[in-house]
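Taken in sequence, the protein lines are chains A and B. Counting with numbering that gives the first Met the number 0, you get residues 0 to 123 for the letters of the first sequence. Counting with numbering that gives the first Met the number 0, you get residues 0 to 317 for the letters of the second sequence.
Honestly, I wouldn't trust all of these hints.
[Claimed, not checked] A few chain B residues facing chain A, derived, Cβ under 8 Å: (1) 22; (2) 23; (3) 36; (4) 43; (5) 205; (6) 209; (7) 267; (8) 270.
Treat the hints as calculated values from the structure; they're not laboratory data. Note that CB positions come from ideal geometry on N, CA and C, so glycine has one too.
Below, each chain spelled out in residue letters.
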Amino acid sequence: MANCSHEDLISNIKSGKRVVEEAPKHGHQHGKKPKLSHASKREAIYKGRKIRIRTTYKIEIDGEALTVPFTVSDDGRVHCHGLPNYAAISALDLVRRLIDTSPKEQPDDEIAALLAKKAGGHRS
Amino acid sequence: MTAIRQNILVGDTARDQFLQGVVLLDQEMTGIRVVDLANFAQNNGIPLQFEGINQEVSTYDLFVFWHMIAAAFSLQVGNAAHGGPVFLPWHRMYLIRLEQELQRVLGDPDFGIPYWDWASDGEMAPEQQWRTELWSDLYLGEARGLVRSGPLGNMRVRLYQVPQTVRVTSDQPRPVWRQAALNAQSLPDRIDETSALAEQDYDLPPWSRFVTRGHRNALEGFLGGTTMHNLVHVWVSGDMLPMSSPNDPVFFLNHCNVDRIWETWMADNGQVYRPAANEGPSGHRISDRMLDVFGGDLAPADVLDPQEWYTYDTLLNV
């Protein structure tokens, strides 16, 4: 711990240093192409009977598919990564909170163009 | 040196230094631009998408970025910092790193991050909780709306995660934003705190946010709805809701208190951690290296005893 400094922080990020041993294996794609549905699975054994519940949400806001996955936990509460601390009483409640907390306007996107330029012409 | 972490409502010096320090880190530009952050995430295989303006970011922004990439690093259970056993040790490491950066800019190697004893406020009537002195210009500034008063009125948010898309957006710098007590009526109280401390196991299978017992999941706040640490995020709301929540410095006061509750639990139950090295999900085991943009190699086992870095003025009476 004592060997890490402010300079390490700056140089690691500036150089794009690899700080993880392996890439995430089970990750959903943050902000990538939207999936139209997301399924979550709940299983339980009750009186020797195996219960399996698959729940799929297809959510649109103003006709546009929601990109962030929704999952449902055993107690029926609904979760999504966009509001990670929130266990909603229903999917509708969660969508309302998403609308409340997301900005209506996005800034001009310079980043995408810069990343595309790097991917197209400067890949080593 | 060992820092002593104090209650922010008791230690005026700790309060003033904390507020001054986070503003200094927020104003310390790094030469790193947002496209560098996107490249860093890409090089590490972290599926985080960026959009917006390619502005220069501050040291404080790098902590916001670190929290977002840890959250985007999905594991078989939860992610590199949440939703599993590593939640408490990862945030302990994260706070130690911020504390060291604050010590640097303040020129005070003994500085300790203060904590917000939110369960004390949770004992008040809900309509009083967001009207305490904590939400005045002497402390954290406005509880609702844009924070324009007090030292934190000088903080600027440059990067945030849009809840609806989970993309990281780089936008024109703006003040911190809060909506206290609008999405949750009340903070956790002493009964909630006592319940979390009464859990005898640190964590247990399936090691996730769906486990129905255990100190970690009780304290993280997934037992019985939105509780404890999670509830504080939702209660403050605004910038405290998405994974860019360190944008609001109250994040660190909350997590310092969470860490203090964990430390109280360990004082009673011993420095025990599960899963062991040969059980449970990868990324959460006691010897698994935690995601650290500083390039360190700490595992949960290395931070169970924090006395090398800090102590608390008082633990909870249980």
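Now the hints, each set against the structure:
Because the closest C-beta pair between residue 22 (chain B) and chain A is about 17 Å apart, greater than 8 Å, the hint is violated. Violation of the interface hint for residue 23 (chain B) is found here, the shortest Cβ-Cβ separation to chain A being roughly 12 Å, above the 8 Å cut-off. Satisfaction of the interface hint for residue 36 (chain B) is found here, the shortest Cβ-Cβ separation to chain A being roughly 7 Å, below the 8 Å cut-off. Annotation: residue 43 (chain B) was flagged as interfacial toward chain A, and the flag holds, the nearest CB pair being 5 Å apart, inside 8 Å.
Annotation: residue 205 (chain B) was flagged as interfacial toward chain A, and the flag is violated, the nearest CB pair being 11 Å apart, outside 8 Å. Because the smallest distance between the Cβ of residue 209 (chain B) and any Cβ of chain A comes to about 6 Å, under 8 Å, the interface hint for this residue holds. At its closest, the beta carbon of residue 267 (chain B) sits 26 Å from a beta carbon of chain A; the interface hint therefore is violated under the 8 Å criterion. The interface hint given for residue 270 (chain B) is violated, since its Cβ lies 17 Å from the closest Cβ of chain A, which is over the 8 Å cut-off.
When each numbered hint is compared with the structure, violations occur for hints 1, 2, 5, 7, 8.
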